[in-house]
Amino acid sequence: MFNLILKDFKIGVPRFFLILPVLTGALMLIPGWIYMVVLFYFCWITIPNMLAGVRTQNDLMFTALLPVTKSDIVKAKVSVIVILELLHIVFAIIFGMINLSLYPDVVNYFFAPHMGFWGLCFVMLGIFNIFLLSLYYKTAYKYGVATAVAIGGAMLFAVLTQWIALQNSYVHDIFYGTGIDDTVVQLSILIAGILIFIALTVIGYRMANQRFLKVEI
Amino acid sequence: MLSLDVKQVSKKYDTFELKEVSFQLEKGYIMGFIGANGAGKTTTIKLILNMIRIDSGEVQILGKNIAEHELELKQIIGCAFGDVEFYSRSKIKTLTDVIKRFYKNWNDDTYYSYLRRFKLDENKKISQLSTGMKVKYNLALALSHGAKLLILDEPTSGLDPVARDNLLEIFQELVSEGEISILFSTHITTDLEKCADFITFIENGRIVKSAEKEEFVASYRLLNGKENQLNEVKDKLISYKKNSFGFTGLIHAEDFDPGLEINAVIPSLEEIMIYFAKKEAMYV
Chain Z
1 MFNLILKDFK IGVPRFFLIL PVLTGALMLI PGWIYMVVLF YFCWITIPNM LAGVRTQNDL
61 MFTALLPVTK SDIVKAKVSV IVILELLHIV FAIIFGMINL SLYPDVVNYF FAPHMGFWGL
121 CFVMLGIFNI FLLSLYYKTA YKYGVATAVA IGGAMLFAVL TQWIALQNSY VHDIFYGTGI
181 DDTVVQLSIL IAGILIFIAL TVIGYRMANQ RFLKVEI
Chain A
1 MLSLDVKQVS KKYDTFELKE VSFQLEKGYI MGFIGANGAG KTTTIKLILN MIRIDSGEVQ
61 ILGKNIAEHE LELKQIIGCA FGDVEFYSRS KIKTLTDVIK RFYKNWNDDT YYSYLRRFKL
121 DENKKISQLS TGMKVKYNLA LALSHGAKLL ILDEPTSGLD PVARDNLLEI FQELVSEGEI
181 SILFSTHITT DLEKCADFIT FIENGRIVKS AEKEEFVASY RLLNGKENQL NEVKDKLISY
241 KKNSFGFTGL IHAEDFDPGL EINAVIPSLE EIMIYFAKKE AMYV
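Protein sequences, first through last, are from chains Z and A. Residues 1 to 217, numbered by UniProt numbering, are exactly what the first sequence covers, in order. Residues 1 to 284, numbered by UniProt numbering, are exactly what the second sequence covers, in order.
Next up, chain A with everything else stripped away, as it sits in the complex (with noise of 0.2 Å):
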């Protein structure tokens, strides 16, 4: 069963174009939405929560269409704002007595086990948690209120090694039981290469490739080879540098032809992202 499908959705504003943005999630599954900033991930999360008025298209939660269905989905999704702050100055305790009483299935019992569990003081105020804290509150907030889609904006950005990898322990074990699937935005994609099942790229408002993770890198190629090389393959790749040894590009794995003598292999998620954003660079 799908968790989320956003269907053919596009928005157009004066300087900037998100056009005919599809892709699917899983029930059960994490999915990794990268893409460098500016590239349209927290605008399609803008418009997958209504937030935001879809120009065309359409975003199904569960099934449902989120704006149709805005307070019943709603009280079946969390969220996390990596880079937002609200009520900083207010305790945990004081925010969370506002929260609850608009959750239906808010459960008390779970919300001060993940408390117990996150190592969260309610009586501290938002301001005095440290980014990995406020996104573990942010996680504990949802889970008591049964979220089954967790939606998660640049949840690690900020955050220390240790705390980034005990947050993606946290995100692989929740959907573990299989009903909790998460969306996942950063641009910091070892992240993903640790813990999402499927990656959607986002680039300039437009969708490159949505895929399973080993079959979203597999379908790419690094290219290294001599400066002479080039040439022979310049017009196939994506984008590339040239280096004092010869060059280095991107190509697709079905342009590559395995015969020529240039050393090929498979790109990490980050360097997919340079190479594309080097090519919208050429283009600008």
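Just chain Z, same shape as in the assembly (with noise of 0.2 Å):
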């Protein structure tokens, strides 16, 4: 599988896509920004551009005359793209670290990027995950049902989050209030977001493993 992940990256992944972490975690130093779009970015430019190259160099087919199992296919594609995310994030997270020592005491209407942020963040790629990885090997070509289908479940996370961030004081107070010096709360949220991350990767791989097995290419 290892080999499978290193072809991706020599050939199948462009360059842009490994500076693109950079480039986009640098939009957390605008302040007061809706600093989820960041990682968006990923999931509206990477992603699709990625799996638009794979059908082009008819990479299915090129992999499947390699000596591999379909298991490892799928899970080398999973791979890259959490390795892909954790770049992001990554970045994010860094760029975040420095915007709240650069802007202290500037006043966020959308999330400020504490570690429970992060958490959310967490969920949204594995809420894309689990979208995009089933839908998109019930065929391993067809990407824009899946993308879409992806972003819009992200996005409806999103959008749920901050409205009810806005609307419930409880939930208020963890992101906007108190709740955002204490360290064991934000912490338990990004622990959280990663095992959440984690468990809906984990199964988007699983259904996507079982639909790739009836691929026929």
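No wet-lab data here; the hints were simulated from the structure. These numbers were taken from a predicted model, which means no experiment stands behind them. Built from N, CA and C at the ideal position, the CB exists for glycine as well. Worth double-checking, as some hints may not be accurate.
Looking from chain A toward chain Z, a few residues come up when the C-beta cut is under 10 Å (computed) [said to hold, decoys possible]:
| no. | residue |
| --- | --- |
| 1 | L49 |
| 2 | N50 |
| 3 | L62 |
| 4 | N65 |
| 5 | E68 |
| 6 | L71 |
| 7 | E72 |
| 8 | K74 |
| 9 | E85 |
| 10 | F86 |
| 11 | Y87 |
| 12 | I99 |
| 13 | R101 |
| 14 | K104 |
| 15 | Y111 |
Got two chains here, each in a separate frame; can you build the complex from them with the hints?
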């Protein structure tokens, strides 16, 4: 499987998508912005372009001719997507930390980049993954509907959580009030977010794997 | 020993069916797999490579079932698809570096000797290679990982006669030591007249005949007769064409009565394909 991941990074994923996390991460430096948008650039740009490239280059047939199992093909692609997601989130976190130190007194109408916020971002990417993986691997080449539904699911989660945080005083306090200084609460949300991200991605991989076994190349 | 044994393989689609496809390729020989466009050649090749699930039947490569030993067998299979390009914007060097990691028996010395022999510049991009050079690159890859069975789908399509002849010579040389076998699908039958040992003919998803090349063509006769002689053989003809001099038609050799005063010759592979295609058209 390692060779398949290496294959994707050498010939499948354009170099630009390895630089993009730094460029989009730098958007975290805009004071008082909608910071969830930063991670959406991965969903809006990287994924559709990467999957379109895979289709154009006949990657499915190329990979199927190699001595690898279908499960490894799916596992490697999921790993590549997760690695890219982690790159995006890690750079966003780094720039988010700079943001907090640069603008300590800025009033954020939308979520500020504290630890709890990153937990929500992990859940958002988990939702994106479960929809994308399960739908894309019905055919392993039609990416339009899978990407649209996955983006829709992730955006719905982003809008809902933001709305709840603005409307509900308890949640508002966690993300805007005294809760932002409570490291235990913030860390708990981050860890819970990471665990949900892992769970949703693993479920997405399993569904993708089952569906891909039935795909005829 | 059999290099490839396709046993009663069937696969049904909504609009097309491969029905009980069977043929065998002996180790160290070239088999031409012929048929018109859409006859089922590529589907059969994909079934052999386990890229499509078989409804019934079995494919064995060097005595092992491909469905059960896919990874092991793909280590010794080399493929070239004439009309499909992979990662055409990548350099040969980059693509080879990716591919070679998947093969246990990869040999760099063999690879570079084939690059030199085929005059392939590894700094060139795949898109900069001519069709013939692309096939040669695939051959270099296959031979460098010790492939024993080469499955080539339309490798000579789109090549000029000189490049085709050059490639056919390479195929013959590869099988000469008896270790490598080639299954070579094409609709350019003249290529097979030059280099194939066996012919398998598929028409509308069914194997019409699979036999040694000379035996294959000798089992048919192409008749040239006058219009008034047509009724004497019409029922036995596979198909026929009328012209201003009379008719020409294809018949199984055993159905032809040499006592009839009709001119009969051994047909070419192309003529056999054409008359079988005409037969299909007559029943559509």
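Against the structure, the hints come out as follows:
Annotation: A:L49 was flagged as interfacial toward chain Z, and the flag holds, the nearest CB pair being 7 Å apart, inside 10 Å. At its closest, the beta carbon of A:N50 sits 9 Å from a beta carbon of chain Z; the interface hint therefore holds under the 10 Å criterion. For A:L62, the interface hint is violated, since its Cβ never comes within 10 Å of a Cβ in chain Z; the closest pair sits about 15 Å apart. About 16 Å separates the beta-carbon of A:N65 from the nearest beta-carbon of chain Z, more than 10 Å, and the hint is not met.
Evaluation of the A:E68 hint against chain Z yields a violated restraint, the C-beta minimum of about 13 Å exceeding 10 Å. Against a cut-off of 10 Å between C-beta atoms, the interface hint on A:L71 holds, since the closest Cβ of chain Z lies about 5 Å away. Below 10 Å, beta-carbon pairs count as interface contacts, and A:E72 has one with chain Z at about 8 Å; its hint therefore holds. Hint status for A:K74: holds, given a least beta-carbon distance of 4 Å to chain Z, under 10 Å.
Restraint check, A:E85 versus chain Z: the minimum CB separation of about 7 Å is within 10 Å; hint holds. For A:F86, the suggested interface contact is upheld, since its CB lies about 4 Å from the closest CB of chain Z, less than 10 Å. The beta carbon of A:Y87 comes within 5 Å of a beta carbon in chain Z, closer than 10 Å, and the hint placing it at the interface holds. A cut of 10 Å between beta carbons decides the hint on A:I99: the least distance to chain Z is about 7 Å, and the hint holds.
A least Cβ separation of about 4 Å between A:R101 and chain Z falls short of the 10 Å threshold, and the interface hint therefore holds. The beta carbon of A:K104 is positioned within 10 Å of a beta carbon in chain Z (closest approach about 9 Å), and the interface hint is therefore held. The restraint placing A:Y111 at the interface with chain Z is violated, with a minimum CB-CB distance near 16 Å, outside the 10 Å limit.
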